[in-house]
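What follows is the residue order along each chain.
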Amino acid sequence: DTAVSQTPKYLVTQMGNDKSIKCEQNLGHDTMYWYKQDSKKFLKIMFSYNNKELIINETVPNRFSPKSPDKAHLNLHINSLELGDSAVYFCASSQHKQGGGGYTFGSGTRLTVV
Amino acid sequence: AQKVTQAQTEISVVEKEDVTLDCVYETRDTTYYLFWYKQPPSGELVFLIRRNSFDEQNEISGRYSWNFQKSTSSFNFTITASQVVDSAVYFCALSDRSGSARQLTFGSGTQLTVLP
Numbered sequence: 001d002t003a004v005s006q007t008p009k010y011l012v013t014q015m016g017n018d019k020s021i022k023c024e025q026n027l028g029h030d031t032m033y034w035y036k037q038d039s040k041k042f043l044k045i046m047f048s049y050n051n052k053e054l055i056i057n058e059t060v061p062n063r064f065s066p067k068s069p070d071k072a073h074l075n076l077h078i079n080s081l082e083l084g085d086s087a088v089y090f091c092a093s094s095q096h097k098q099g100g101g102g103y104t105f106g107s108g109t110r111l112t113v114v
Numbered sequence: 001a002q003k004v005t006q007a008q009t010e011i012s013v014v015e016k017e018d019v020t021l022d023c024v025y026e027t028r029d030t031t032y033y034l035f036w037y038k039q040p041p042s043g044e045l046v047f048l049i050r051r052n053s054f055d056e057q058n059e060i061s062g063r064y065s066w067n068f069q070k071s072t073s074s075f076n077f078t079i080t081a082s083q084v085v086d087s088a089v090y091f092c093a094l095s096d097r098s099g100s101a102r103q104l105t106f107g108s109g110t111q112l113t114v115l116p
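Protein chains in written order, with my numbering: chain A, 1 to 114; chain B, 1 to 116.
Note that these hints are calculated values from the structure, not bench results.
Within a straight-line C-alpha distance of at most 25 angstroms, the following computed DSS-like cross-link-like pairs (lysine-lysine) qualify:
#1 A:Lys36 <-> A:Lys9
#2 A:Lys22 <-> A:Lys9
#3 A:Lys71 <-> A:Lys44
#4 A:Lys40 <-> B:Lys3
#5 A:Lys52 <-> A:Lys22
#6 A:Lys19 <-> A:Lys36
#7 B:Lys38 <-> A:Lys41
#8 A:Lys19 <-> A:Lys52
#9 A:Lys41 <-> A:Lys19
#10 A:Lys67 <-> A:Lys52
#11 A:Lys9 <-> A:Lys52
#12 A:Lys71 <-> A:Lys52
#13 B:Lys3 <-> A:Lys44
#14 A:Lys19 <-> A:Lys40
#15 A:Lys36 <-> B:Lys3
#16 A:Lys22 <-> B:Lys38
#17 B:Lys38 <-> A:Lys36
#18 A:Lys36 <-> A:Lys71
#19 A:Lys67 <-> A:Lys9
#20 A:Lys41 <-> B:Lys3
#21 A:Lys36 <-> A:Lys52
#22 B:Lys3 <-> B:Lys70
#23 B:Lys38 <-> A:Lys44
#24 B:Lys38 <-> A:Lys9
#25 A:Lys36 <-> A:Lys22
#26 A:Lys40 <-> B:Lys38
Small disclaimer: the values here were computed from a predicted structure and weren't measured.
Produce the complete structure using the sequences and hints provided.
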């Protein structure tokens with residue numbers, strides 16, 4: 001069983017479209033994250049949810065909106081896609097109260113905006 | 001603010017050589033965790049090790065070893081007798097309580113190429 005699963009793995013779309021990436025974890029963790037990896041491989045946190053509550057919201061365009069229907073799911077919706085949004089997006093989860101107890105990452109979604 | 005520095009952008013070695021990847025971190029937290037991840041060409045992030053701030057013991061796992069020194073805020077990673085399959089981007093990361101919540105902050109990564 002995949003611990004953190006993201007769909008789709010690849011997403012190619014045109015500028016201006018709206019798209020969503022889904023993430024689910026079956027580890028029972030209470031915290032989930034979205035990270036963006038740019039073309040230079042730099043990984044930066046975008047959002048974090050703890051028990052469905054937004055706890056980290058980095059400087060990200062408001063075209064990006066995370067949604068957490070329950071603590072096992074954290075989806076990322078992107079409106080009006082731009083060329084600069086092309087990147088690999090990683091979902092991750094952890095057990096917050098354990099602090100650095102470990103972060104489990106999904107396999108990533110490669111988004112290409114054309 | 002927390003920060004992780006991997007000064008080596010790219011390293012190239014010949015198979016069977018030993019190689020050390022450097023990592024220096026900054027944090028004001030007294031309880032923090034350090035990680036190393038491997039990202040092979042296939043793109044997934046592979047967890048290698050986690051170390052908490054109270055445990056400065058070095059660790060060895062097969063050909064991999066880690067040297068954690070709080071005095072110099074460093075957490076270096078050594079691969080002994082490197083192999084072509086070790087070619088990947090390696091990330092050092094820090095988990096601490098930044099602002100309102102604990103988060104994982106990555107260094108910029110070191111691209112390791114092992115030549116046959």
